[in-house]
Amino acid sequence: MSVWEYAPAPESRDLANLQPAYRPFIDGAFVDGGGDPLTSINPATEEPLAEVGTASASDVDIAVRAARAAFDTVWGPMPGAERAKYLFRIARLIQERSRELAVLETLDNGKPIKESRDSDVPTAAAHFFYHAGWADKLDYAGYGPDPKPLGVAGQIIPWNFPLLMLAWKIAPALATGNTVVLKPAETTPLSALVFAEICQQAELPAGVVNIVPGAGDIGSTLVRHPGVDKIAFTGSTAVGKEIQHALAGTATRLTLELGGKAANVVFDDAPLDQAVEGIVNGIFFNQGHVCCAGSRLLVQESIAEELLGKLRARMSTLRLGDPLDKNTDIGAINSAEQLAKIRELTASGEADGAERWTSPCELPERGFFFAPTVLSGVEQSMRVAREEIFGPVLSVLTFRTPDEAVTKANNTPYGLSAGLWTEKGSRILWLADRMRAGVVWANTFNRFDPAAPFGGYQESGFGREGGRTGLEAYLDV
Amino acid sequence: MATASSPDALADATRDETSLRRFLHGLPGVDQVGVEARAASLGTRSIKKSAKLQAIDTAISMVDLTTLEGADTRGKVRALAAKARRPDPDRPDTPPVAAVCVYPDMAATAVEALRGTDIGVASVATAFPSGRSSREVKLADVRLAVEAGATEVDMVIDRGAFLEGRYGFVFDEIRAVKEACGEAHLKVILETGELATYDNVRRASWLGLLAGGDFIKTSTGKVSPAATLPVTHVMLQAVRDWYTATGQLRGVKPAGGIRTTKDAIKYLVAVHEVAGEEWLTPSLFRFGASSLLNDLLLQRRTQHDGHYSGPDYVAVD
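Residue numbers (my numbering), protein chains in the order written: chain A, 1 to 477; chain B, 1 to 317.
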């Protein structure tokens, strides 16, 4: 037939039920924040979406006190089986409102609707279901009888998976009996405030969950608040270090989930076509805005050319454009600032001698977009092999032997995730033992499950989220 | 490793039984979880409006309208041929199907009924569907079809020999059938439901291509599972890799179990994105189906009329 163009298949923007203004959620109610309001924009069009009221330092104080009161009087003393009911209710409400949340997330973040619909929102619900199950079984979690919660948890989340990161933070905290004050990212606050509505719908007691939108200064206020017993942060390594510095010598507990520069290691006996899929998924899922992205491809030299040929052919089929279109594979970069960073680092790779190949796709005129890009001939010494780009840019390096693969994969200050591609089971086990990474995927990539602990080594942070292990971050054990 | 994209490896591959085995076993493995995830993910493409209408017309033109029953009669075959020529008589702009597919003894009837059209006559052969007979009988079966005027022959491979690892035997048989086909196009049925693993599907695909099959086809329709999306992905990848290695375009035909327009569109998306848009033509992609055609016709009417018209508006043949 003549060229088959997929007709536009946009999901309806109205499903997001977008409000002109959103407000902070403190002590069970939406309140006028004392901070300067911010405007959240749609990164795919650069148009304003909504005005969002932000918290001031005194609002943070009120939120922490509300959380403390809720912890002391309601949530802390409540039997686990009762807490579980609220979590189950929240999980079901997320499912009921999944289309609304998916469209809202895509508008605010720029990610393709197929990802918010098929990944972010269902996985967020799964985290609440999973942790609801733990709430009355903490005696059997391996931390001795009747493990106690910590108290008030201050949580700061990034813009790459706004609702999902909220779920990773709030679900285990509530299941273990803590109350929370959560600060969503400055560029993506909307889904967190709709989640606050869900807390109201679920009749969660006032003060158990508080959402305080704002910029870095509000995060900093929250971190330093003496009424907070625990800080959980997901974001950049630089900010993570500041937080650790600020909390040194205090009694506040800390878990950090930071950046990464994961190696995706492909051996000559790998299932090549599926490895190509895994590489694409590893670095282009969510425009590469993934802390565990497989941003360094380490390929055995003997198959490098063949693999790169297949990879380029596959990348040419990626559909970049309107994130609301159900057939879009690559959406918008979240902000102008992030786009500038991706451009700068990619240019540095070229200047350092890497060969650049960019998928031949047209970029929309408005909005922040960056075409999927591969830098080949990258050496360990280049910035693009060492620094996190946090965008759809893959650095390709080669290796000759398994030992060299391990050495190069581990030659990074990070250590969040790694991918291994080989049909040899013994090699998978041998490599997994030697990878300094919190998560090692074998013949797959970016697979998430609430039952699987997630977290890093070295500059990728410490503490685990998810699974039995993840409960420890919110228990006094 | 014998890589798929090296032409030298291909020339060497068929030298003898040992080389053939080494080549087929040197093909990269197929990860089951990965290929099934990819097929499911491509299955979520949303094909609407003009794209859907174009897909429906393309799918109709790719149908090998099939009857392979013990109860087949000349009357049944003539009725099927009439349907093939004008699938929807009320809508004369509906494209005809690609071919009618019958048993060898019915090929002459089909040829007669389709005279003067571009519609092909495909005949199954080689002791279809099991393939359990002597080579002599299988080749006689092919000659019967070809002499009756079949333009396409759908052979079955000897799955027993394949599973025993006698690849050379299977290769020689396909070669012999190809020769017996003369001008007729050869489709090589792998019967993927009996090969069971994706690694086997990939090896059998390459075997069929190396031996000169014009098409590789999933199934007879007599074994469950018949065609599946992930199996078709593996086969589409094989013809894509074959093209990269040799510059030759070969076709793929999923057969059996594809009954709805929705399913057919998922296959077309796979053709489009795994093999490439060059394959979106009846000369390189076919559906082996019978009931699929009527669903395509109903959906075609729905697209044009804006409402669903019900099964009584299309012919049952």
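Note that these hints are calculated values from the structure, not bench results.
Built from N, CA and C at the ideal position, the CB exists for glycine as well.
Mixed in with the good hints, there may be bad ones.
[What the hints assert, rightly or not] Restricting the straight-line Cα-Cα distance to at most 30 Å, the calculated cross-link-like pairs of lysine-lysine (BS3-like) are:
1) Lys326/A x Lys48/B
2) Lys49/B x Lys326/A
3) Lys178/B x Lys222/B
4) Lys76/B x Lys262/B
5) Lys326/A x Lys222/B
6) Lys241/A x Lys424/A
7) Lys408/A x Lys341/A
[Said to hold, decoys possible] Sample of chain B residues facing chain A (criterion: CB under 10 Å; computed from the structure):
8) Ala37
9) Gly116
10) Thr117
11) Leu139
12) Val223
13) Asp241
Structure-based check of all given hints:
1. Simply put, Lys326/A and Lys48/B have alpha-carbon atoms about 11 Å apart, close enough for the 30 Å limit, and the pair holds.
2. Distance hint between Lys49/B and Lys326/A is fulfilled; the C-alpha atoms sit about 14 Å from each other, no more than 30 Å.
3. With a CA separation close to 23 Å, the supplied pair Lys178/B and Lys222/B stays within the 30 Å bound.
4. A threshold of 30 Å between alpha carbons decides the hint, and for Lys76/B with Lys262/B the separation of about 28 Å falls inside it, so the pair holds.
5. For a cut-off of 30 Å, the pair hint linking Lys326/A to Lys222/B is broken: about 36 Å separates their Cα positions.
6. Between Lys241/A and Lys424/A the alpha-carbon distance is near 39 Å, which puts this suggested pair outside the 30 Å criterion.
7. The hinted pair formed by Lys408/A and Lys341/A meets the criterion: a straight-line CA distance of about 25 Å does not exceed 30 Å.
8. For Ala37/B, the interface hint holds, the least distance from its beta-carbon to any beta-carbon of chain A being 8 Å, beneath 10 Å.
9. Interface hint status for Gly116/B: violated, as the beta-carbon distance to the closest one in chain A is roughly 24 Å, over 10 Å.
10. With 10 Å as the threshold, the beta carbon of Thr117/B stays out of range of chain A, its nearest partner Cβ sitting at about 20 Å, so the hint is violated.
11. Among the interface hints, the one on Leu139/B is violated; its C-beta lies about 35 Å from the nearest C-beta in chain A, farther than the 10 Å criterion.
12. Hint on Val223/B is violated. Least Cβ distance to chain A is approximately 25 Å, over the 10 Å limit.
13. For Asp241/B, the shortest C-beta to C-beta distance to chain A is roughly 9 Å, which falls under 10 Å, so the interface hint holds.
Hints 5, 6, 9, 10, 11, 12 from the earlier list are contradicted by this structure; the remaining hints agree with it.
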